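The sequence shown begins at 290 in the working numbering and counts up by one.
A hint or two may mislead.
List time: in silico SDA-like cross-link candidates among lysine to any residue, alpha-carbon distance up to 20 angstroms [unchecked claim]: (1) Lys-383 to Phe-528; (2) Lys-510 to Arg-500; (3) Lys-666 to Phe-431; (4) Lys-713 to Ala-732; (5) Lys-383 to Glu-458.
Simulated restraints on C-beta separations [to be verified]: (6) Asn-565 to Leu-395: 22 to 30 angstroms; (7) Lys-713 to Leu-401: 56 to 64 angstroms; (8) Thr-512 to Ala-689: 31 to 39 angstroms; (9) Tyr-709 to Val-427: 39 to 47 angstroms; (10) Lys-383 to Gly-690: 44 to 52 angstroms; (11) Ala-732 to Thr-398: 47 to 55 angstroms.
Simulated from the structure, these hints should not be mistaken for lab results.
This structure is a prediction, so every number in the text was calculated from the model and none was measured.
Built from N, CA and C at the ideal position, the CB exists for glycine as well.
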Amino acid sequence: MTRNSYNNRRIARNSMLLYCRSVVTLVISLYTSRIVLEALGFEDFGVYALVGSTVTMFSLFSTSFISSTQRFFNIAMERNGIDELSRIFTASVKLHRLLAAGILILFETLGLWIVNTKLNFPPEDMPAVHVVYQLSVVSFLFNVLSVPYNAVITAKERMGLFAAVNIAESVVKLGIAVALMHTSSNRLIFYAAMLTTLSVAVRIFYGIYCRCHFSECRMVKITDKRIYREILGISGWNFLGSSSSIITIESIGIVLNLFFNVLMNAAKGLASQIENVVRSLVENLMMSIRPQLTRSYASGDTAFFNSLVSRGTRFGTYLTLLLCLPLLFRTYTLLSLWLKSVPSYTVPFVRIIMIYILIMPASSVLDTVTLASGRIKSSQITLSLLQLSNLPLMCLALYAGLPPYCVYLPFIVTGYISLYIRLKYAIANSTITMKSYMTDTFAPIVYVTLFTLPLPIALQLWIFDADTIANTFIMCVILTLSLSASVYAFGITREERNVILNHIRKQQRP
Numbered sequence: 290m291t292r293n294s295y296n297n298r299r300i301a302r303n304s305m306l307l308y309c310r311s312v313v314t315l316v317i318s319l320y321t322s323r324i325v326l327e328a329l330g331f332e333d334f335g336v337y338a339l340v341g342s343t344v345t346m347f348s349l350f351s352t353s354f355i356s357s358t359q360r361f362f363n364i365a366m367e368r369n370g371i372d373e374l375s376r377i378f379t380a381s382v383k384l385h386r387l388l389a390a391g392i393l394i395l396f397e398t399l400g401l402w403i404v405n406t407k408l409n410f411p412p413e414d415m416p417a418v419h420v421v422y423q424l425s426v427v428s429f430l431f432n433v434l435s436v437p438y439n440a441v442i443t444a445k446e447r448m449g450l451f452a453a454v455n456i457a458e459s460v461v462k463l464g465i466a467v468a469l470m471h472t473s474s475n476r477l478i479f480y481a482a483m484l485t486t487l488s489v490a491v492r493i494f495y496g497i498y499c500r501c502h503f504s505e506c507r508m509v510k511i512t513d514k515r516i517y518r519e520i521l522g523i524s525g526w527n528f529l530g531s532s533s534s535i536i537t538i539e540s541i542g543i544v545l546n547l548f549f550n551v552l553m554n555a556a557k558g559l560a561s562q563i564e565n566v567v568r569s570l571v572e573n574l575m576m577s578i579r580p581q582l583t584r585s586y587a588s589g590d591t592a593f594f595n596s597l598v599s600r601g602t603r604f605g606t607y608l609t610l611l612l613c614l615p616l617l618f619r620t621y622t623l624l625s626l627w628l629k630s631v632p633s634y635t636v637p638f639v640r641i642i643m644i645y646i647l648i649m650p651a652s653s654v655l656d657t658v659t660l661a662s663g664r665i666k667s668s669q670i671t672l673s674l675l676q677l678s679n680l681p682l683m684c685l686a687l688y689a690g691l692p693p694y695c696v697y698l699p700f701i702v703t704g705y706i707s708l709y710i711r712l713k714y715a716i717a718n719s720t721i722t723m724k725s726y727m728t729d730t731f732a733p734i735v736y737v738t739l740f741t742l743p744l745p746i747a748l749q750l751w752i753f754d755a756d757t758i759a760n761t762f763i764m765c766v767i768l769t770l771s772l773s774a775s776v777y778a779f780g781i782t783r784e785e786r787n788v789i790l791n792h793i794r795k796q797q798r799p
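Please work from the sequences and hints to get the whole structure.
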């Protein structure tokens, strides 16, 4: 078996593991959210969603360091440098300690100021708000400190571990939700305390696992300080791009609270849970591709690298369409099955978010390409400025009297502009060409989309227009079949089609 064949099998296996994990956690998470909403009520749920977004706005800064650290690990693995891996790990641990300390100061100064003076909370909930906020700070600290360990696990492609831990985590969260229904104490504080305890336990487990299974995960003396500058150089610019995106996205909840109240945060929070589920399912495919994408770039395997860029983008987009189309066509019925009562504006929030995240797979792959090259300064500055422009634009939309869900309109426009910018930088820093990307990647996606939609749209308008469970089930089946047929006819290469046919023939043999 050739190395590329082995890598393809490994990607397929890891993708399947993570996808199965996501399906299980999806079902558990949605049911858990329903119980939590019923136990807390719309107002307390909105309070938790808003406080959580304030903390997430800071804590997600660390995600940029995960991909950056993983990049260095993958390149060192390609060079078979065990000592280099240990030095990268040591430098990463020390840098994340500094990062945690720095953002902790922001939490206890700027973060508290925002919570106390700028956000609209019911006065009687303020004591609980402060407790929930501080518990979230604790969870944040452990999340940041565990980044080097998560980066090692991802670089080593131990996706089975992620799958097992995430399923166990979802089951425990379901148990917490059930216990929440039967507690007589302050339910908001109880829920936040239990989730913080679970988060800390999971992060500690990842640290212990890495220490026991990977010899590279040990602290060593670093004599050459250049490694700090290299990691900070890549991570710093990646941090700039990620932080600008996170600030604008997570500020949506804060802006909505300034213009409306926590009930609007509850509607947006429920829509964001749907968004997180879809993002998680798609991110699993991206997670299985990133290590191989970086290693093939470092080794100079141009053919495999270009093929992986195309396949990752196409199949990631097809998966996103599979998840988003039912939510776009049958939003209210699906939400009604999930929730006993659907808050106002939740339906349009879900629909507009689904349109926004359709570009996620292509953006993720192109970001990985540019990050693998190490030349990210110019791209991150450009994309950061574009992302930050969303903040005044969504405020202007609300000042103009547009509906609350229109805060996502600027994100859709700038998102598709940024996709083109990402493509230009990826082309400049790799072997991808505009012609090959448009022919092998973009065109199949357009054809699949155009040939998938006409039949479901016609049936939705004239036959299955009523919001019933039976109609929703039929429409979901039709959408799946229409998308599958379009992908098979227009969305895959002849080689990929032959692989599918050969696999089917093998399964049919006695």
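Pair hint outcome, Lys-713 versus Ala-732 [Cα-Cα no greater than 20 angstroms]: Holds: Lys-713 and Ala-732 sit about 17 angstroms apart, inside 20 angstroms.
Outcome for the supplied range 22 to 30 angstroms, where the beta carbon pair is Asn-565 and Leu-395: At 24 angstroms between Cβs, range holds.
Range hint compliance [Cβ, Thr-512 to Ala-689, 31 to 39 angstroms]: 59 angstroms, violated
Lys-383 paired with Glu-458 [C-alpha distance capped at 20 angstroms]: Measuring from Cα to Cα gives roughly 28 angstroms; hence the hint is violated.
CB-CB spacing for Gly-690 and Lys-383 relative to the 44 to 52 angstroms hint: Holds, at about 51 angstroms.
Pair hint Lys-510 and Arg-500, alpha-carbon separation not exceeding 20 angstroms: The hint holds at about 17 angstroms.
Restraint status (C-alpha distance of Lys-666 to Phe-431 at most 20 angstroms): 29 angstroms, violated
Given pair status - Phe-528, Lys-383, alpha carbons within 20 angstroms: Since the Cα atoms of Lys-383 and Phe-528 sit roughly 17 angstroms apart, the hinted pair holds (cutoff 20 angstroms).
Consistency of beta-carbon spacing, Val-427 to Tyr-709, with hint 39 to 47 angstroms: 41 angstroms, holds
Distance restraint evaluation - Lys-713, Leu-401, Cβ atoms, bounds 56 to 64 angstroms: 41 angstroms, violated
Range hint compliance [Cβ, Ala-732 to Thr-398, 47 to 55 angstroms]: 51 angstroms, holds
The structure does not agree with the numbered hints 3, 5, 7, 8 stated previously, though it agrees with the rest.
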